[in-house]
Amino acid sequence: MVSFHPDAKFLTDFAAGNLALSEAICVAAHLEFCSKCRSHVQQLSDLGAQLMSRLEVEPMPVDEQDAGDDGFDALMQRIDAGDTGMSISPAPAPAATARVSSANPLGLPRVVQKLASEGVQSLKWGQFGKSLRIAPIRIDSESRETALYDIKAGGQMPEHEHRGEEITVLLKGSFSDAEGKYVKGDFVVRHAGERHQPTATLDTDCICLVSLEQPVKPSSVWYRLLEPLVQYRLSGLSN
1 MVSFHPDAKF LTDFAAGNLA LSEAICVAAH LEFCSKCRSH VQQLSDLGAQ LMSRLEVEPM
61 PVDEQDAGDD GFDALMQRID AGDTGMSISP APAPAATARV SSANPLGLPR VVQKLASEGV
121 QSLKWGQFGK SLRIAPIRID SESRETALYD IKAGGQMPEH EHRGEEITVL LKGSFSDAEG
181 KYVKGDFVVR HAGERHQPTA TLDTDCICLV SLEQPVKPSS VWYRLLEPLV QYRLSGLSN
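For what it's worth, UniProt numbering labels the leading residue of the sequence shown as 1, then goes sequentially.
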């Protein structure tokens, strides 16, 4: 069961189309796992429509499903265009959920399928140590770093400190750190100065969608020495 959600500001900015593209992608991915947040976004969208009508702007009559589909299509257009400045309402359809199927064996959200249209294994994955693979996702005109992380079952990421905001949405499996355990669909936010060491559970690999405001700072002196090489490799993978 999903236990960690975007806060009210995230959802409000998402419904208004005010998030950076990388952040909006993370929220959209979470919404496909979480009916509670989908309902909240729909309520915010309805409220926005009511406010617009009070300003004597005549909205087009649409039903709930159409409104959600239109918003999801707008987010897909942002991804295609690499435009982070469009004012849209990118909420996916309230009924949409990420499901496992023959065409989607990992049960990935539609927005992630869009980013990896030929499958996640077709992305440029880089190996970082024994337990971690990273596939950067290039988004034009976007200052944040966006990537998929694959942590091997039972594997640990190096302990690190955050230099800026990090959003993590779990797409498969689970991991834990000193703050708790996180499962598929959870939306986890870390802020500058926070430190942790995610560890995947033993039963399966953990795949996450990650949006970083700034590169992380490894706690270990050894990993700090390797940091320039890591950033160089990530830059090469995203080109």
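The hints are simulated quantities; they were obtained by calculation from the structure and are not laboratory data. Careful: at least some of the hints might be erroneous.
[Stated by the list, open to error] Here are the simulated DSS-like pairs of lysine-lysine, each with C-alpha atoms no more than 27 Å apart in a straight line:
(1) Lys124 with Lys217
(2) Lys114 with Lys152
(3) Lys172 with Lys36
(4) Lys217 with Lys152
(5) Lys217 with Lys130
(6) Lys152 with Lys172
(7) Lys114 with Lys217
(8) Lys217 with Lys172
(9) Lys181 with Lys217
(10) Lys9 with Lys152
(11) Lys124 with Lys9
(12) Lys124 with Lys172
(13) Lys181 with Lys9
(14) Lys181 with Lys152
(15) Lys130 with Lys152
(16) Lys130 with Lys9
(17) Lys114 with Lys124
(18) Lys36 with Lys181
(19) Lys130 with Lys172
(20) Lys36 with Lys130
(21) Lys181 with Lys130
(22) Lys36 with Lys9
(23) Lys152 with Lys124
(24) Lys124 with Lys184
(25) Lys114 with Lys36
(26) Lys152 with Lys184
(27) Lys172 with Lys184
(28) Lys172 with Lys114
(29) Lys217 with Lys184
(30) Lys36 with Lys124
[Stated by the list, open to error] Pairwise CB distance ranges (calculated):
(31) Glu161 with Ser101: 13 to 23 Å
(32) Glu179 with Lys130: 20 to 30 Å
(33) Ala192 with Ser101: 16 to 26 Å
This structure is a prediction, so every number in the text was calculated from the model and none was measured. Here a beta-carbon is modelled for each residue, glycine too, at the ideal position from N, C-alpha and C.
Comparing the hints with the structure gives:
1. Lys124 with Lys217: 23 Å, holds
2. Lys114 with Lys152: Holds. Lys114 to Lys152 sits at ~24 Å (cutoff 27 Å).
3. Lys172 with Lys36: Holds, at about 20 Å.
4. Lys217 with Lys152: Given that 27 Å is the threshold and the Cα spacing comes to 21 Å, the pair holds.
5. Lys217 with Lys130: Since the Cα atoms of Lys217 and Lys130 sit roughly 19 Å apart, the hinted pair holds (cutoff 27 Å).
6. Lys152 with Lys172: Cα-Cα ~11 Å, so holds.
7. Lys114 with Lys217: 30 Å, violated
8. Lys217 with Lys172: 25 Å, holds
9. Lys181 with Lys217: Within the cut-off at roughly 22 Å; holds.
10. Lys9 with Lys152: 33 Å, violated
11. Lys124 with Lys9: 33 Å, violated
12. Lys124 with Lys172: 19 Å, holds
13. Lys181 with Lys9: Roughly 24 Å between the alpha carbons, so the hint for Lys181 and Lys9 holds.
14. Lys181 with Lys152: 16 Å, holds
15. Lys130 with Lys152: 8 Å, holds
16. Lys130 with Lys9: Violated, at about 38 Å.
17. Lys114 with Lys124: 16 Å, holds
18. Lys36 with Lys181: 20 Å, holds
19. Lys130 with Lys172: 19 Å, holds
20. Lys36 with Lys130: 37 Å, violated
21. Lys181 with Lys130: 22 Å, holds
22. Lys36 with Lys9: 15 Å, holds
23. Lys152 with Lys124: Since the Cα atoms of Lys152 and Lys124 sit roughly 17 Å apart, the hinted pair holds (cutoff 27 Å).
24. Lys124 with Lys184: With a Cα-Cα distance of about 23 Å, the restraint between Lys124 and Lys184 holds, given a limit of 27 Å.
25. Lys114 with Lys36: 24 Å, holds
26. Lys152 with Lys184: The hint holds at about 15 Å.
27. Lys172 with Lys184: 5 Å, holds
28. Lys172 with Lys114: 17 Å, holds
29. Lys217 with Lys184: Holds, because 26 Å separates the two Cα atoms, which is no more than 27 Å.
30. Lys36 with Lys124: 34 Å, violated
31. Glu161 with Ser101: 13 to 23 Å: 39 Å, violated
32. Glu179 with Lys130: 20 to 30 Å: 24 Å, holds
33. Ala192 with Ser101: 16 to 26 Å: 39 Å, violated
Figure legend: structure checked against the earlier numbered hints; hints not met, in rising order: 7, 10, 11, 16, 20, 30, 31 and 33.
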